[in-house]
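For the sequence shown, numbering that gives the first Met the number 0 assigns the number 0 to the initial residue and increments by one for each residue that follows.
Hints were generated in silico from the structure; no laboratory data involved. Keep in mind the model is a prediction, meaning the values are calculated, not measured. One or more of the hints may lead you astray.
Label pairs and their computed distance ranges (CB to CB) [stated by the list, open to error]:
no.: 1; residue 1: P84; residue 2: E51; range: 26 to 34 Å
no.: 2; residue 1: G107; residue 2: A36; range: 33 to 41 Å
no.: 3; residue 1: G107; residue 2: C25; range: 28 to 36 Å
Glycine included, each C-beta is placed from N, C-alpha and C at the ideal position.
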Amino acid sequence: MHLRPATPADLAAIAALHRRSILTLCAAHYTPAQLDAWTAVLQPAAYAMLRETRTMLVAEDDGALLGFGVVDPGASLVNATYVSPEAPRRGVGRRLMAAMEDAARAAGCTQLR
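Build the full structure now, drawing on both the sequences and the hints.
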């Protein structure tokens with residue numbers, strides 16, 4: 000598994016992973032209407048601003064996107080951590096969180112929420 004900063008070319012794959020993750024891994028906790036409302040806005044363009052204004056990382060393996068994370072060190076906030084439903088229990092989320100913590104620490108952030 001390799002972690003790296005997200006690029007503009009990743010945005011469509013990030014949006015698709017985000018949607019699959021929510022629809023698969025959150026289905027037991029939300030109604031279909033809630034899931035539809037949550038995922039309706041998950042279009043590639045929605046991630047462009049996040050990528051430009053925050054630290055956005057992707058985890059990949061052999062070119063397959065396994066997860067992504069977004070951290071805003073200036074606000075001391077982890078905005079998102081999502082793992083592909085095809086890659087659970089492989090340490091993807093843990094590695095993304097550690098990398099986001101490192102990025103925040105390097106930016107002078109001493110705590111995250």
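The hints, checked one at a time:
For the hinted restraint 26 to 34 Å between P84 and E51, the CB-CB distance of approximately 27 Å keeps it satisfied. For G107 and A36, the hinted distance range of 33 to 41 Å is satisfied, since their beta carbons lie about 37 Å from each other. For the pair G107 and C25, the supplied restraint of 28 to 36 Å holds, since their beta-carbon distance comes to about 33 Å.
Of the numbered hints given earlier, the model fails none.
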